[in-house]
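Enquirer: As they're listed, the protein sequences go chains A and B.
Per this note's numbering, the very first residue in the first sequence carries number 419; after that it's consecutive.
Per this note's numbering, the very first residue in the second sequence carries number 419; after that it's consecutive.
The set of hints was computed from the structure by calculation and includes no laboratory data.
All of these numbers come straight from a predicted model, not from anything done at the bench.
Incorrect hints may appear among the rest.
For identical chains, the list gives no copy identity; a pair is met inside one copy or between any two copies.
What the hints assert, rightly or not - Once the Cα atoms are required to be at most 20 Å apart in a straight line, the calculated SDA-like pairs of lysine to any residue come out as: (1) 648 / 670; (2) 630 / 500; (3) 757 / 633; (4) 537 / 500; (5) 617 / 578; (6) 502 / 650; (7) 494 / 612; (8) 617 / 533; (9) 515 / 468; (10) 494 / 616; (11) 502 / 560; (12) 628 / 470; (13) 494 / 581; (14) 515 / 528; (15) 502 / 612; (16) 732 / 528; (17) 732 / 468; (18) 648 / 503; (19) 502 / 485; (20) 515 / 761; (21) 617 / 528; (22) 617 / 580; (23) 648 / 669; (24) 617 / 529; (25) 494 / 465.
There are 2 protein chains.
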Amino acid sequence: MSQARPVTIAFDVMGADHGAAEVVRGAAQLTLDSPNIHALLVGDRAQIDEALATIRHNAERVAVHHTSEWVAMHEKPAAALDDKPQASVLLAAKLVKEGEADAMVSAGNTGAGVLACAKSFTLIPGVRRAALATVYPTAVGRGEKNDPFSLILDVGATVDASAADLVAFAVMGTAYARIISRNKDPSVALLSNGTEAQKGPPRVVEAHEKLKGMAGLRFIGNIEGVDIPKGTADVVVCDGFVGNVCLKMLEGVSETVMELAKYAYKEKLLWRAALAMLSGGIERIKEVTDWEQYGGAPILGFNRLFIKAHGRSKARAITNAGKVAAKAVGNDLAMTIEKLLPGRGSS
Amino acid sequence: MSQARPVTIAFDVMGADHGAAEVVRGAAQLTLDSPNIHALLVGDRAQIDEALATIRHNAERVAVHHTSEWVAMHEKPAAALDDKPQASVLLAAKLVKEGEADAMVSAGNTGAGVLACAKSFTLIPGVRRAALATVYPTAVGRGEKNDPFSLILDVGATVDASAADLVAFAVMGTAYARIISRNKDPSVALLSNGTEAQKGPPRVVEAHEKLKGMAGLRFIGNIEGVDIPKGTADVVVCDGFVGNVCLKMLEGVSETVMELAKYAYKEKLLWRAALAMLSGGIERIKEVTDWEQYGGAPILGFNRLFIKAHGRSKARAITNAGKVAAKAVGNDLAMTIEKLLPGRGSS
Numbered sequence: 419m420s421q422a423r424p425v426t427i428a429f430d431v432m433g434a435d436h437g438a439a440e441v442v443r444g445a446a447q448l449t450l451d452s453p454n455i456h457a458l459l460v461g462d463r464a465q466i467d468e469a470l471a472t473i474r475h476n477a478e479r480v481a482v483h484h485t486s487e488w489v490a491m492h493e494k495p496a497a498a499l500d501d502k503p504q505a506s507v508l509l510a511a512k513l514v515k516e517g518e519a520d521a522m523v524s525a526g527n528t529g530a531g532v533l534a535c536a537k538s539f540t541l542i543p544g545v546r547r548a549a550l551a552t553v554y555p556t557a558v559g560r561g562e563k564n565d566p567f568s569l570i571l572d573v574g575a576t577v578d579a580s581a582a583d584l585v586a587f588a589v590m591g592t593a594y595a596r597i598i599s600r601n602k603d604p605s606v607a608l609l610s611n612g613t614e615a616q617k618g619p620p621r622v623v624e625a626h627e628k629l630k631g632m633a634g635l636r637f638i639g640n641i642e643g644v645d646i647p648k649g650t651a652d653v654v655v656c657d658g659f660v661g662n663v664c665l666k667m668l669e670g671v672s673e674t675v676m677e678l679a680k681y682a683y684k685e686k687l688l689w690r691a692a693l694a695m696l697s698g699g700i701e702r703i704k705e706v707t708d709w710e711q712y713g714g715a716p717i718l719g720f721n722r723l724f725i726k727a728h729g730r731s732k733a734r735a736i737t738n739a740g741k742v743a744a745k746a747v748g749n750d751l752a753m754t755i756e757k758l759l760p761g762r763g764s765s
Numbered sequence: 419m420s421q422a423r424p425v426t427i428a429f430d431v432m433g434a435d436h437g438a439a440e441v442v443r444g445a446a447q448l449t450l451d452s453p454n455i456h457a458l459l460v461g462d463r464a465q466i467d468e469a470l471a472t473i474r475h476n477a478e479r480v481a482v483h484h485t486s487e488w489v490a491m492h493e494k495p496a497a498a499l500d501d502k503p504q505a506s507v508l509l510a511a512k513l514v515k516e517g518e519a520d521a522m523v524s525a526g527n528t529g530a531g532v533l534a535c536a537k538s539f540t541l542i543p544g545v546r547r548a549a550l551a552t553v554y555p556t557a558v559g560r561g562e563k564n565d566p567f568s569l570i571l572d573v574g575a576t577v578d579a580s581a582a583d584l585v586a587f588a589v590m591g592t593a594y595a596r597i598i599s600r601n602k603d604p605s606v607a608l609l610s611n612g613t614e615a616q617k618g619p620p621r622v623v624e625a626h627e628k629l630k631g632m633a634g635l636r637f638i639g640n641i642e643g644v645d646i647p648k649g650t651a652d653v654v655v656c657d658g659f660v661g662n663v664c665l666k667m668l669e670g671v672s673e674t675v676m677e678l679a680k681y682a683y684k685e686k687l688l689w690r691a692a693l694a695m696l697s698g699g700i701e702r703i704k705e706v707t708d709w710e711q712y713g714g715a716p717i718l719g720f721n722r723l724f725i726k727a728h729g730r731s732k733a734r735a736i737t738n739a740g741k742v743a744a745k746a747v748g749n750d751l752a753m754t755i756e757k758l759l760p761g762r763g764s765s
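Isolated chain A, as found in the complex (with noise of 0.2 Å):
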């Protein structure tokens, strides 16, 4: 379990909204932090040794990989990777599945990350789909750090996912919590309309029966809607069209509230008053739902790690994305997965 040998991190370190310096910081501050982690910084070497040239970071530990080419954020992922052949995203993955590098980060363009990793990534045996995994801030803590934060899988990477790949997801949500959460025993759930083991559409019904049976992880049933928010679980796992819809709307409901907040006070003056003495403290509330700034969303299902960081990653965002890359790479979370699947090949 030791985190002594050499990682190295690919970062595409292009197309994320603040440009790639605030990568690159993020990168650089990692080989300050962590000794034993190298950056490989994939994109345009001018933009990249602009940065480097004003930011402390360890030379001996951080490499440049030059392109000219790379995915924006509004561009359609398919089209943007067929047109650009050399995109940094793409060499990313490349770098990594030879051996160049053991992750590889981005807040670019999600779409083209996933595609990309799909490219040059093999799943795991046992694995047949993919999923994109997020952490979402809940009312309760847990883990060794307490962290008030669940695990969600799906969200988006596999639309119309089988009873056998909502298995494969909570191993993967299981494996993943216990590597990065360093939850030894994490609590895993499946999401449904209703508690009781018969509830949901068929393939959900097929994966809890699935899932009641197996060994190595704790399969705690069914939870409803109102479990997210509250963290019944500390892996949920859905289909990624659920899992998006939750998610979006996780991301609109703090404002939402808010809003409905000033319906419903815009009549009283202690009120006003009130929520003028609370603006800062609803920005430490956006602070901590904005759960993007926890690691990124991993990939998960494939044999080497991709950690999609948020668009609108600030470099401290990105430098927690490479730390849990390296964790997972140093702990073999591929390996980890792998062991905990039941009987590959089945679907």
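Following the hints, position chain B against chain A.
Expert: Just chain B now, with coordinates in the frame of chain A:
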């Protein structure tokens, strides 16, 4: 479009959280508020008479249909209805079927209510599956009364909806919003994991294609989870599985935001003071977000309307549910839906 002709609403008065008296109180108020509405109270006569003896009502427009059986909130719907052929919710549906009443309202067991409808009512020609709809609070207002609510359906009746079912739900929601919210041209959207037409599982992509060319409704395309609290569409269409998860997530959300707020504020006295000042306001948010008070959840798709009021409904919510039911009857909701549906018999 006149509501002047007499309408009779059958109230299943049994099995609600606050007891028969609270439901009777709501129905009694309706006979005072609305000169054209008759209330047919179905349940235990002793309890009904005891309640009526202490409540103002228009005795000429209140009738009682006695039964000593009913379904409790915790009972399994199908088994309970098998055991109790004289259950109040079954009798209420039967009385509607036989023309003794025009629509029904219940604050009891939801599943039993839906099953009772399925046993006594028939689906509107062209509709294959029923949908449970509900209003939920949004950031923006809509309709003649500028209500900050959108309609979402299905939220649990049909967990596995086909493309044709989703199209029918769009029609039902449009007709309902038009009649009940006096929103002449409600916008209707499909819930998906992206706004593009090709996003989502096959059933959603196919439904998008069908809705795009449809006359009689204003389809604005796909919306994402973030648009639910924002209120981007007047009518949100999804299958009962996704809708149920979303609805229950919304239920848990205001509570959890307050939890997170406490987590963020715990170190700051100023914030703590502000929260104390807001405690009355927080109650008010709860009121605004307790959207079950706003007329209940209609089961749409049958030739007769069933309004499911929340189990916790107070008399005012029951009165409102009765008014909504009468409005739907007076404006012939079922016929409005039937006329809007695409080529009948297509699946």
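Enquirer: Take the hints in turn and mark each one as holding or not.
Expert: Hint by hint, here is what the structure shows:
In the homo-oligomer, the alpha carbons of residue 648 and residue 670 lie at most 20 Å apart both inside one protomer (17 Å) and across protomers (7 Å), since each shortest distance falls under that limit. In the homo-oligomer, the alpha carbons of residue 630 and residue 500 never lie at most 20 Å apart, since the shortest distance is 43 Å inside one protomer and 30 Å across protomers. Only within a single protomer do residue 757 and residue 633 lie at most 20 Å apart by alpha-carbon distance; the minimum there is 11 Å, versus 54 Å between protomers. Proximity of residue 537 and residue 500 under a CA criterion of 20 Å is satisfied intra-copy only: 12 Å inside one chain copy versus 56 Å between copies.
For a Cα distance limit of 20 Å, the shortest separation of residue 617 from residue 578 qualifies both inside one copy, at 18 Å, and across copies, at 11 Å. Proximity of residue 502 and residue 650 under a CA criterion of 20 Å is satisfied in neither setting, with 44 Å inside one chain copy and 36 Å between copies. Within a single copy, residue 494 and residue 612 get their C-alpha atoms only as close as 37 Å, which misses the 20 Å cut-off; across copies the closest is 13 Å, which meets it. Within a single copy, residue 617 and residue 533 get their C-alpha atoms only as close as 34 Å, which misses the 20 Å cut-off; across copies the closest is 16 Å, which meets it.
Taking the shortest Cα distances, residue 515 and residue 468 never come within 20 Å of each other, neither inside one copy (28 Å) nor across copies (78 Å). Proximity of residue 494 and residue 616 under a CA criterion of 20 Å is satisfied inter-copy only: 13 Å between copies versus 39 Å inside one chain copy. Proximity of residue 502 to residue 560 under the C-alpha cut-off of 20 Å is found in neither arrangement, the shortest distances being 43 Å within a copy and 46 Å between copies. For the homomeric pair residue 628 and residue 470, neither the shortest alpha-carbon distance inside one copy (51 Å) nor that between copies (53 Å) is at most 20 Å.
For a Cα distance limit of 20 Å, the shortest separation of residue 494 from residue 581 qualifies neither inside one copy, at 30 Å, nor across copies, at 26 Å. Taking identical chains as interchangeable, the C-alpha atoms of residue 515 and residue 528 lie at most 20 Å apart only when both belong to the same chain, with a minimum of 19 Å there against 54 Å between chains. Taking the shortest alpha-carbon separations for residue 502 and residue 612, neither the intra-copy value of 46 Å nor the inter-copy value of 24 Å comes in at or below 20 Å. Proximity of residue 732 and residue 528 under a CA criterion of 20 Å is satisfied intra-copy only: 17 Å inside one chain copy versus 48 Å between copies.
With identical chains, the CA atoms of residue 732 and residue 468 are at most 20 Å apart within one copy only, with a shortest distance of 18 Å there and 67 Å across copies. In the homo-oligomer, the alpha carbons of residue 648 and residue 503 never lie at most 20 Å apart, since the shortest distance is 44 Å inside one protomer and 39 Å across protomers. Taking CA atoms no more than 20 Å apart as the test, residue 502 paired with residue 485 passes inside one copy only; the shortest distance there is 10 Å, against 74 Å between copies. With identical chains, the CA atoms of residue 515 and residue 761 are never at most 20 Å apart, being 26 Å at best within one copy and 53 Å at best between copies.
Taking identical chains as interchangeable, the C-alpha atoms of residue 617 and residue 528 lie at most 20 Å apart only when they sit on different chains, with a minimum of 15 Å there against 33 Å within one chain. For the identical chains of this complex, residue 617 and residue 580 are neighbours both inside a copy (16 Å) and across copies (18 Å), given an alpha-carbon limit of 20 Å. Both within a single protomer and between protomers do residue 648 and residue 669 lie at most 20 Å apart by alpha-carbon distance, with minima of 16 Å and 11 Å respectively. Taking identical chains as interchangeable, the C-alpha atoms of residue 617 and residue 529 lie at most 20 Å apart only when they sit on different chains, with a minimum of 13 Å there against 32 Å within one chain.
In this assembly of identical chains, residue 494 and residue 465 lie within 20 Å of each other by CA distance neither inside one copy nor across copies; the values are 24 Å within and 65 Å between.
Violation of the numbered hints given earlier is confined to hints 2, 6, 9, 11, 12, 13, 15, 18, 20, 25; the remaining hints are satisfied by the structure.
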